[in-house]
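S.K.: Sequence:
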Amino acid sequence: MWGSRRNRDGAQVTCIACGDSVARSDAREYDKHGDRWNREDKEFEFFCKHCYRDLCHQPRDGLESLLVESRAGHSDREEFIATFYDLLADHGDSPEGRES
Numbered sequence: 016m017w018g019s020r021r022n023r024d025g026a027q028v029t030c031i032a033c034g035d036s037v038a039r040s041d042a043r044e045y046d047k048h049g050d051r052w053n054r055e056d057k058e059f060e061f062f063c064k065h066c067y068r069d070l071c072h073q074p075r076d077g078l079e080s081l082l083v084e085s086r087a088g089h090s091d092r093e094e095f096i097a098t099f100y101d102l103l104a105d106h107g108d109s110p111e112g113r114e115s
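Quick note on the numbering used here: the sequence shown kicks off at 16 and runs consecutively.
What the hints contain is simulated information worked out from the structure, not anything from laboratory work. Fair warning: this is a prediction, and the values are worked out from it, not measured in the lab. Glycine included, C-beta positions come from ideal geometry on N, C-alpha and C. Treat the hints with care, as some may be off.
[What the hints assert, rightly or not] No farther apart than 20 Å at their CA atoms in a straight line, the calculated lysine to any residue pairs in the SDA-like style are these: (1) Lys47 to Cys33; (2) Lys47 to Ser80; (3) Lys64 to Asp46; (4) Lys47 to Phe99.
[What the hints assert, rightly or not] Simulated DEER-style distance windows between Cβ atoms: (5) His106 to Trp52: 21 to 27 Å; (6) Ser36 to Tyr100: 33 to 39 Å; (7) Glu94 to Ile31: 19 to 25 Å; (8) Ile96 to Ala38: 34 to 40 Å; (9) Asp35 to Arg75: 19 to 25 Å; (10) Asp76 to Ile96: 18 to 24 Å.
Start from the sequences and build out the full structure, keeping to the hints where you can.
M.R.: Set out below in structure tokens:
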């Protein structure tokens with residue numbers, strides 16, 4: 016009925032963590048919105064298996080939108096951290112109360 020998930024025409028994908036090019040069959044999908052089961056109108060990014068194993072697999076509800084709102088990657092470090100902390104406080108989550 017469905018084609019084999021392991022056979023993706025030998026397509027190569029790039030790991031978003033290390034930049035290595037790997038076979039699609041040797042990669043893990045990453046959905047930055049945290050819902051990889053809803054597949055409509057999405058383009059997935061990929062991790063190689065090694066980088067995927069190194070990921071923290073804890074819930075991250077709202078993290079991606081918080082990073083975007085904090086201008087991660089678009090502002091300098093100090094500005095990003097200040098904005099991120101302010102947004103955490105606005106959302107009722109205090110970074111000081113977290114364990115490292």
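S.K.: Are the hints correct? Go through all of them and say.
M.R.: Here's how the hints hold up against the structure:
1. Lys47 to Cys33: Between Lys47 and Cys33 the Cα gap is close to 17 Å, so the pair holds against 20 Å.
2. Lys47 to Ser80: Holds. Lys47 to Ser80 sits at ~9 Å (cutoff 20 Å).
3. Lys64 to Asp46: holds (15 Å)
4. Lys47 to Phe99: Within the cut-off at roughly 18 Å; holds.
5. His106 to Trp52: 21 to 27 Å: Check passed, 25 Å falls within 21 to 27 Å.
6. Ser36 to Tyr100: 33 to 39 Å: Once the Cβ atoms are compared, 37 Å apart, the range 33 to 39 Å for Tyr100 and Ser36 holds.
7. Glu94 to Ile31: 19 to 25 Å: holds (24 Å)
8. Ile96 to Ala38: 34 to 40 Å: Holds: the Cβ-Cβ distance is about 38 Å, inside 34 to 40 Å.
9. Asp35 to Arg75: 19 to 25 Å: Check passed, 24 Å falls within 19 to 25 Å.
10. Asp76 to Ile96: 18 to 24 Å: holds (21 Å)
The structure shown violates none of the earlier numbered hints.
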